[in-house]
Amino acid sequence: MDIKSRILRSLDEIEEKENVRIIHCAESGSRAWGFASPDSDYDVRFIYVRRVKDYLRINELRDVIEWELNDVYDINGWDLKKALTLLQSSNCTLFEWNSSPIIYRSTPEWQRISAVIDEYFVDKPGTYHYLSTAKHNYRAYFGSDEVKLKKYFYVLRPILACRYILEKKCPPPMLFSELEEMYLTGEVKRETDRLLALKMQTPEIGKGSRVPILDEYIEKSMAEIEEILASMPVSHKNDIERLNDIFYETACSQSLEE
Numbered sequence: 002m003d004i005k006s007r008i009l010r011s012l013d014e015i016e017e018k019e020n021v022r023i024i025h026c027a028e029s030g031s032r033a034w035g036f037a038s039p040d041s042d043y044d045v046r047f048i049y050v051r052r053v054k055d056y057l058r059i060n061e062l063r064d065v066i067e068w069e070l071n072d073v074y075d076i077n078g079w080d081l082k083k084a085l086t087l088l089q090s091s092n093c094t095l096f097e098w099n100s101s102p103i104i105y106r107s108t109p110e111w112q113r114i115s116a117v118i119d120e121y122f123v124d125k126p127g128t129y130h131y132l133s134t135a136k137h138n139y140r141a142y143f144g145s146d147e148v149k150l151k152k153y154f155y156v157l158r159p160i161l162a163c164r165y166i167l168e169k170k171c172p173p174p175m176l177f178s179e180l181e182e183m184y185l186t187g188e189v190k191r192e193t194d195r196l197l198a199l200k201m202q203t204p205e206i207g208k209g210s211r212v213p214i215l216d217e218y219i220e221k222s223m224a225e226i227e228e229i230l231a232s233m234p235v236s237h238k239n240d241i242e243r244l245n246d247i248f249y250e251t252a253c254s255q256s257l258e259e
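Position 153, counted from 1, in the sequence shown is what my numbering calls 154; the numbers after and before it change by one each time, with no gaps.
Treat the hints with caution; some may be incorrect.
Claimed, not checked - Simulated crosslink set (SDA-like; lysine to any residue; CA at most 25 Å straight-line):
1. Lys208 - Glu225
2. Lys190 - Ser38
3. Lys54 - Arg243
4. Lys152 - Tyr74
5. Lys170 - Arg113
6. Lys136 - Lys169
7. Lys169 - Lys208
8. Lys170 - Ser100
9. Lys136 - Glu242
10. Lys149 - Val73
11. Lys83 - Ile59
12. Lys136 - Arg243
13. Lys18 - Arg7
14. Lys169 - His237
15. Lys18 - Ser254
16. Lys83 - Asp246
17. Lys152 - Leu176
18. Lys170 - Glu225
19. Lys170 - Glu220
20. Lys221 - Ser145
21. Lys149 - Leu215
Keep in mind that the hints were calculated from the coordinates and are not lab data. Every value quoted in this text rests on a predicted model; they were computed, and no experiment measured them.
Produce the entire structure from the sequences given, and follow the hints as far as they go.
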């Protein structure tokens with residue numbers, strides 16, 4: 002059984018065991034970002050909906066399903082109510098699941114959400130999200146002279162995502178290659194391409210000396226983005242009633258199908 006068939010079978014098992022319907026499922030992480038190693042795991046993320054009567058319980062059910070976690074598969078999902086609540090606050094994770102280049106399952110219900118999802122993106126919190134990710138990863142993985150070279154991508158991608166948001170005022174593309182072509186040039190791009198080729202061709206590119214040209218670019222970029230953020234106005238997009246309608250109609254549709 003190939004990987005996709007194995008994942009689709011897992012989705013069927015989740016629906017049967019958890020009594021839910023999965024309306025969207027996509028790849029997240031390095032495979033969706035376009036810089037997976039040959040042995041990278043599969044970060045499978047899904048959105049599911051329950052029956053109306055399950056949402057009206059006195060004892061509320063969990064709003065996440067954690068199905069499988071091992072060296073090959075990382076499969077978990079969010080309840081639709083949780084997903085729409087996070088969308089209303091411009092959660093970046095949901096935008097990434099929506100725009101992933103690797104989709105395992107989608108439905109008309111999700112297409113309705115997908116058609117309006119970008120309207121809930123807010124540039125300032127979105128930029129903060131990616132800048133915080135870059136800063137966290139840089140502190141976590143670059144504290145010594147020898148580092149895991151693949152971790153450069155976990156800092157560079159969010160930095161480039163910040164640059165995209167600041168320019169376009171919308172969610173950034175998932176693929177690292179698109180962001181790289183837009184914003185990296187010269188020696189920085191050559192070093193990035195060198196590491197990218199190593200990462201995608203070998204199971205583990207391992208540790209190595211830090212790359213000064215990339216360190217300089219990262220540190221300068223984070224400082225620039227932080228300065229821009231400090232003067233950005235705060236804006237909100239809070240059309241929650243439309244999300245309430247989507248949630249109600251989708252949940253009712255699930256109940257009618259049973």
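Now the hints, each set against the structure:
Taken as a hint, the lysine 208 and glutamate 225 pair is broken in the structure, with Cα atoms around 28 Å apart against an allowance of 25 Å. For the suggested pair lysine 190 and serine 38, the alpha carbons sit about 19 Å apart, so the restraint of at most 25 Å is met. As the CA atoms of lysine 54 and arginine 243 are separated by approximately 21 Å, the hinted pair is consistent with the 25 Å bound. Note on lysine 152 and tyrosine 74: the hinted pairing holds, with a Cα-Cα distance of about 20 Å set against a maximum of 25 Å.
With a C-alpha separation of about 22 Å, the suggested pairing of lysine 170 with arginine 113 holds against the 25 Å cut-off. Straight-line distance between C-alpha atoms of lysine 136 and lysine 169 comes to about 22 Å, which keeps the hinted pair within the 25 Å bound. As the CA atoms of lysine 169 and lysine 208 are separated by approximately 35 Å, the hinted pair breaks the 25 Å bound. With a C-alpha separation of about 16 Å, the suggested pair lysine 170 and serine 100 falls inside the 25 Å cut-off, and the hint holds.
Distance hint between lysine 136 and glutamate 242 is unfulfilled; the C-alpha atoms sit about 35 Å from each other, more than 25 Å. Restraint check for lysine 149 and valine 73: satisfied, since their Cα atoms lie roughly 20 Å apart, inside the 25 Å limit. Between lysine 83 and isoleucine 59, the direct Cα distance comes to roughly 17 Å. Compliance with the 25 Å bound is thereby established for this hinted pair. With a CA separation close to 35 Å, the supplied pair lysine 136 and arginine 243 exceeds the 25 Å bound.
Under the criterion of a C-alpha separation no larger than 25 Å, the hint pairing lysine 18 with arginine 7 is consistent with the structure, at around 16 Å. Restraint check: the Cα-Cα separation between lysine 169 and histidine 237 comes to about 17 Å, which is no more than 25 Å; the hinted pair holds. Of the supplied pair hints, the one linking lysine 18 and serine 254 holds, its CA atoms being roughly 20 Å apart against a limit of 25 Å. As the CA atoms of lysine 83 and aspartate 246 are separated by approximately 15 Å, the hinted pair is consistent with the 25 Å bound.
The straight-line distance between the Cα atoms of lysine 152 and leucine 176 is roughly 16 Å, inside the 25 Å bound, and the hint therefore holds. This hinted pair checks out: lysine 170 and glutamate 225 have alpha carbons roughly 17 Å apart, not beyond 25 Å. Pair hint lysine 170 plus glutamate 220 holds up; C-alpha atoms about 23 Å apart against a cutoff of 25 Å. For the hint linking lysine 221 to serine 145, the alpha-carbon distance of about 19 Å falls within 25 Å, and the restraint holds.
Proximity of lysine 149 to leucine 215 is assessed by CA-CA distance (about 14 Å); at most 25 Å being required, the pair is judged to hold.
This entry does not satisfy hints 1, 7, 9, 12, going by the numbered hints stated previously.
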